[in-house]
Amino acid sequence: MTNPRPDPSRRKLLGGLLAATAVTALPSLIAPARAAEPLTRELPGTGAALPRVGLGSWITFNVGDDPVLLEECTEVMAAFFAEGGRLIDSSPMYGSSQATIGHALKRLGAVDRVYAADKVWTSSPSEGPEQIEASRQAWGIPRFDMLQVHNLLGWEGNLETLMAMKEAGEVRHLGITTSHGRRHGEVERIMQRVPLDSVQLTYNIVDREAEQRLLPLARERGIGVIANRPFQQKRLIRRLEDKPLPPWAAEIAAETWAQFILKFIISHPAVTCAIPATTQVVHVRENLAAAREPLPDDAMRNRMADYVRNL
Amino acid sequence: MGSAWWTYRPEDLLMFSPRVYERLFELHNQALWPAQLLALVLGGMALAVLLRPGPRGTRLVLMLLAVAWGFVAWAFLWQRYAPIHWGIAYIAPLFGFQALLLVALGSLRGGLRLPCHWSVRRGIGIGLFAYALALHPLIAVATGRGLSGAEVIGLTPDPLAMATLAVGAMAEPARRAWPLVIIPVFWCLQSWLTLDTLGERSAWLPLLAVAVALTARLWPSRQALR
Chain Z
1 MTNPRPDPSR RKLLGGLLAA TAVTALPSLI APARAAEPLT RELPGTGAAL
51 PRVGLGSWIT FNVGDDPVLL EECTEVMAAF FAEGGRLIDS SPMYGSSQAT
101 IGHALKRLGA VDRVYAADKV WTSSPSEGPE QIEASRQAWG IPRFDMLQVH
151 NLLGWEGNLE TLMAMKEAGE VRHLGITTSH GRRHGEVERI MQRVPLDSVQ
201 LTYNIVDREA EQRLLPLARE RGIGVIANRP FQQKRLIRRL EDKPLPPWAA
251 EIAAETWAQF ILKFIISHPA VTCAIPATTQ VVHVRENLAA AREPLPDDAM
301 RNRMADYVRN L
Chain Y
1 MGSAWWTYRP EDLLMFSPRV YERLFELHNQ ALWPAQLLAL VLGGMALAVL
51 LRPGPRGTRL VLMLLAVAWG FVAWAFLWQR YAPIHWGIAY IAPLFGFQAL
101 LLVALGSLRG GLRLPCHWSV RRGIGIGLFA YALALHPLIA VATGRGLSGA
151 EVIGLTPDPL AMATLAVGAM AEPARRAWPL VIIPVFWCLQ SWLTLDTLGE
201 RSAWLPLLAV AVALTARLWP SRQALR
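Protein chains in written order, with full-length UniProt numbering: chain Z, 1 to 311; chain Y, 1 to 226.
These are calculated hints, taken from the structure and not from any lab test.
Ideal Cβ positions, reconstructed from N, Cα and C, are used throughout, including at glycine.
Among these hints, one or two may not hold up.
As the list claims (entries may be wrong) - Looking from chain Z toward chain Y, a few residues come up when the C-beta cut is under 7 Å (computed):
| no. | residue |
| --- | --- |
| 1 | D66 |
| 2 | L70 |
| 3 | G95 |
| 4 | S96 |
| 5 | V111 |
| 6 | S124 |
| 7 | P125 |
Claimed, not checked - Just a sample of chain Y residues kept apart from chain Z, beta carbon distances all over 10 Å, derived:
| no. | residue |
| --- | --- |
| 8 | Y8 |
| 9 | G127 |
| 10 | I139 |
| 11 | T143 |
Sequences and hints are given; from them, build the entire structure.
Structure (structure tokens):
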């Protein structure tokens with residue numbers, strides 16, 4: 001058998017050198033180079049204003065200890081901060097994503113820039129504090145800004161833990177999460193009973209069930225909303241990418257389908273921010289650019305949804 | 001995952017990208033080089049034993065497989081795969097159990113016999129072992145990953161599971177050979193699911209290996225045909 005080591009071709013070597021040079025310069029790259037700050041919205045009742053587009057980490061940041069991929073993720077986070085992004089969301093369920101975020105925060109010296117949103121993911125609430133501490137160490141931050149009960153797993157006991165932590169000043173905000181439109185009835189009951197700061201759920205231009213009850217309830221109860229799966233894990237983008245954007249997308253400054261979809265999501269009055277995940281710097285910039293004026297009004301939102309539905 | 005986990009689709013549960021999966025093998029190969037050569041030589045020895053089996057040779061094959069299952073459990077599953085897939089932490093002990101099973105069968109006097117006369121079952125078994133040893137590493141080249149991402153017998157799980165299926169498919173007696181294929185079948189099925197969800201063109205190979213091995217195992221023996 002031939003030597004299975006990678007071929008150290010000139011292209012690869014040059015690519016590696018360029019990447020190394022770029023990464024070395026990363027801390028200076030996160031200095032603002034943008035035309036305008038992204039729009040923000042306050043997490044209701046907290047005083048915390050968050051950029052309307054954050055950064056998810058499901059799949060994209062789960063790269064193990066691969067040095068090449070770790071530095072690529074670091075570049076993504078550098079671009080995210082440079083464009084004015086703040087909220088990064090992860091979970092102990094996401095493999096090595098937390099450690100990847102911690103690696104990048106350390107490399108970028110960006111611990112004080114990030115709004116750190118993580119989750120507790122255990123059916124045994126007694127294990128929650130230990131898991132949260134392990135997560136905090138992976139991120140390398142003094143405390144989390146937000147902790148959420150992942151997919152309602154052991155939610156009663158875990159929310160007790162989070163409420164005690166908030167009381168003790170060990171976390172600023174707390175919430176619950178669901179995805180794929182699941183268990184909305186249970187989410188609704190919890191929103192009515194528990195003083196949450198945030199609920200994370202799936203909402204985008206085709207997954208709109210949350211508009212029926214959860215989003216109105218969030219406004220009524222003063223609960224922030226973090227929209228996950230904005231692109232249905234790329235499926236929505238793939239479905240639309242060979243279709244033309246409508247000419248009137250220019251009226252809301254949407255130059256790509258990603259921006260079209262994100263502007264639809266974040267323009268809902270109940271939505272605090274959307275959290276697309278990506279491995280590419282160009283997509284981070286594209287996503288953050290969606291969090292700028294103009295955003296669609298109600299009439300335009302209906303037009304956007306109708307257009308996508310009829311494609 | 002919470003309740004209603006059965007309503008998730010495989011792609012909803014996939015935790016990593018195709019690129020990360022491919023890089024697993026590249027980094028593994030880089031770290032172990034030139035162990036690939038040793039693994040191929042030992043695999044070649046095992047194939048030679050399958051062609052001219054005897055009691056000592058059978059024990060050697062079982063022990064080599066046992067060492068490989070233990071090594072892959074630790075070096076690949078635990079060290080590399082588990083950090084990006086928490087489910088692997090639950091699977092790695094099964095690989096350890098498979099290693100112990102092989103040691104037990106190899107230690108028993110007459111625990112397992114490899115057939116010396118040609119038969120359909122033996123032919124399929126040897127063919128499957130030869131594929132796992134010599135051709136499966138080249139799939140990485142055929143699918144564009146390059147030799148740096150080659151999956152080599154004894155160092156990575158898929159060809160190891162296929163080779164063990166091959167031995168389990170032809171070994172006698174059947175009542176002792178069947179337990180040998182349970183974990184390899186399970187691994188190949190999960191590998192097929194993972195590769196298929198990742199959109200890998202070679203996803204069907206582990207599934208085919210299971211089908212081939214079970215066909216061989218269930219093929220009527222000469223005595224049964226008489």
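Cross-check of the supplied hints:
Here the hint on D66/Z is kept, as its CB sits about 5 Å from the closest CB of chain Y, short of 7 Å. Contact between L70/Z and chain Y, as hinted, is not supported at the beta carbon level, the nearest pair being about 11 Å apart and thus beyond 7 Å. Proximity of G95/Z to chain Y holds as hinted, the smallest CB-CB distance being about 4 Å (cut-off 7 Å). Interface hint status for S96/Z: upheld, as the beta-carbon distance to the closest one in chain Y is roughly 5 Å, under 7 Å.
The restraint placing V111/Z at the interface with chain Y is violated, with a minimum CB-CB distance near 23 Å, outside the 7 Å limit. Among the interface hints, the one on S124/Z is violated; its C-beta lies about 14 Å from the nearest C-beta in chain Y, farther than the 7 Å criterion. Hint status for P125/Z: violated, given a least beta-carbon distance of 14 Å to chain Y, over 7 Å. The non-interface label for Y8/Y is inconsistent with chain Z: the shortest C-beta to C-beta separation is roughly 7 Å, within 10 Å.
Separation of G127/Y from chain Z is adequate, the least Cβ-Cβ distance of about 19 Å exceeding the 10 Å criterion. I139/Y, annotated as away from the interface, keeps every beta carbon of chain Z farther than 10 Å; the closest lies near 13 Å. The beta carbon of T143/Y sits about 14 Å from the closest Cβ of chain Z, which is more than 10 Å, so the claim that it is off the interface holds.
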